[in-house]
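Engineer: Each chain is listed here by its residues.
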Amino acid sequence: MSDSTVPPIPPAPAAPSARPGLSVPDLLVALGVVLLGALLLAGTLRIPFGINAVVGPRVFPLIVSVGTLLLGALLTVNVLRGGRAEPAAEEDTDPDAQPDLRQPGLILGGFLLGAALLQPLGFVIGTALMYFSVGFAFGERRAPLLAGVALAVALVTYVVFTRGLGLTLPPGILKGVL
Amino acid sequence: MEAVTSLLAGFETALTPLNLLWALIGVTLGTLVGVLPGIGPALTVALLLPVTAKLPPVSAFIMFAGIYYGGMFGGSTTSILLNTPGESSSIITALEGNRMARKGRAAAALATAAIGSFVAGTIGTVLLTFAAPAIANVAVMIPPSAKFALIMLAFVTISATFGASPLRGLISLFFGLTIGLIGTDLQSGQARFTLGRPELLDGIEFVTVVIGLFAVGETLFVASRLRKDRASVIKLDGNASMTRDDWRRSWKPWLRGTALGFPFGAIPAGGAEIPTFLSYTLERRLSRHPEEFGRGAIEGVAGPEAANNASAAGVLVPLLTLGLPTSATAAILLAAFQQYGLQPGPLLFVTNGDLVWGLIASLYIGNVMLLALNLPLAPVWARLLLIPRPFLYAGILVFSTVGVYSLNNSVFDLVLLAIFGVIGYGMRRFDFPVTPAIIGVILGPVAESQFRTALQQSNGNPAIFLQSPLTVFILLTVLAALIVPPVLKARAARRV
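Protein chains in written order, with my numbering: chain Z, 704 to 881; chain W, 25 to 520.
To be clear, the hints were calculated from the coordinates, so they are not data collected in a lab.
Computed from a predicted structure; not experimentally measured.
Be a bit skeptical, because a hint or two may be false.
Calculated from the model, a selection of chain W residues having no Cβ within reach of chain Z, i.e. all distances over 12 Å [what the hints assert, rightly or not]:
| id | residue |
| --- | --- |
| 1 | Phe35 |
| 2 | Arg192 |
| 3 | Phe198 |
| 4 | Asp378 |
| 5 | Ile420 |
| 6 | Val502 |
| 7 | Val511 |
What the simulated footprint calls covered on chain W by chain Z, stretch by stretch (three residues with Cβ under 8 Å from a Cβ of chain Z suffice, anywhere in the stretch; the number is not a length) [unchecked claim]:
| id | segment |
| --- | --- |
| 8 | 73-84 |
| 9 | 238-245 |
Using N, Cα and C, we set each Cβ at its ideal position, and we do this for glycine too.
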């Protein structure tokens, strides 16, 4: 999303909620809600009628899908009339910062890779990988330190949850060692 | 008094050495996780669910009671020392408390928050002790049609009335309802929306939804627009303590805040935001130092913090007596009950009396423990705020993974977690509140079951929803809650 060549966006004008113009991301979200409603409706019609039931398994999903369609339509109208969402202001976020989608992408990639390796390599290595990717995405660049902490946290978590609380987590290649 | 005898029996359950230990672990873990920035009470309870997985139900709920109150206590520390409220009901505490801390009065702000929370929590728990059984007695007679109407009321008030945009709140609610539909229909055995995946036949675990939307969504969102300059944590030297003058100015706001907070928590119209804001306004009106408000007035911390904790006790009234959660945290507690095969509601007091009363007794115990933990140990908790952000968020993600993976030992659940994380990111980016979705996931199936039971009693005639005066009254309230706020808003906009 954010290349270094992209010029910084000028600061928002005094009345930020009334910015004119159509917001394409907002429109896509609104249409996404409509699409979800439509898919739900299609799925609802494929649910068989219950036998011997006064109210079958279809009725409630029907209400939910029609409701979703209606709400999606209302949101679409709202966006077409210039409505747009303000991103949430969280504790550690900077509302004026240029959003950088590479960082969440890095976290997500690390998470899915760690999840895939959880069974074959074990819980400790899988979650250490996840820990490392989050720490790196949040700007920690001392890689050996981060890797050490990641392994330590994963190891302690594994021991506490399996020994202390009796949960089963996959040991993976560390089987026998732990 | 029947309630007193039951409560004494509850204390007998809760006061065994082992259960006291679980309560202590609960309040400690609750405070520990609640202090961490970015984690509100709802997520605190959800993240700590796996810790209780192997405990017997009574001990698990005693621990939950501690986690619930501990998470609330921890939140005020973060608000005061870091100016970062973990949930909207802590905004006022952050507003006044952080100003106090900046003026070098952090110790007094933390003390009035902790003692006020103790006072409010204890009075609230007393009220719960006497109100809950009485309401449960009445609630047994409520017909399914009225229960369905009550759930509608909770849906509408949580998603439409108080949020910035009713439309976005309702969309979030319907998203939650959609997730709740997935899985096998209990009455007919039909599979619904499982996309042919056998993993989805049992539905999606609420823990996966909650942790995905809250914790993973938050991590992704914060990473995308990280604040480069670190927020300044205010140093705390010594214990949390108050002067004689602080006491004199605090005790009345504590009591008034409690009086506001409890009823707002107890009615199925949810949220601790309203009573905390009301308390703040009230204290400002009554104060002899109104000029101090906005610059660090101790009344402005004492009142809202008491209101916040009293409403946390109040929320347990509809939860235990009607099975109706009116906040995200209560919804997670409800789901925790369901995991143990328990359905909160009027019958719970009869069928699982020892559990309910053990839980209530441990609320008293937890409050005392929290006071003892928070005043002298305040500097220890304050140090947790210094954990560098990369290590903090990485740790949250690893804990999320343990919580979700340990449910079914399934990697499929972790993929779902990632999907809900992306959705949680989108909800923050596009301003959809998360709480209505959580309420929808957990209450949706209950709503459907009451809806169908009501219609079965009338042989499918929808007029059943218009026959009981109680049902009609609640449904009219729902309608009013949907229509009145937008009308008022439109009128106010026209006048400007």
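Engineer: List, from low to high, the hint numbers that the structure doesn't satisfy.
Structural biologist: 2, 3, 5
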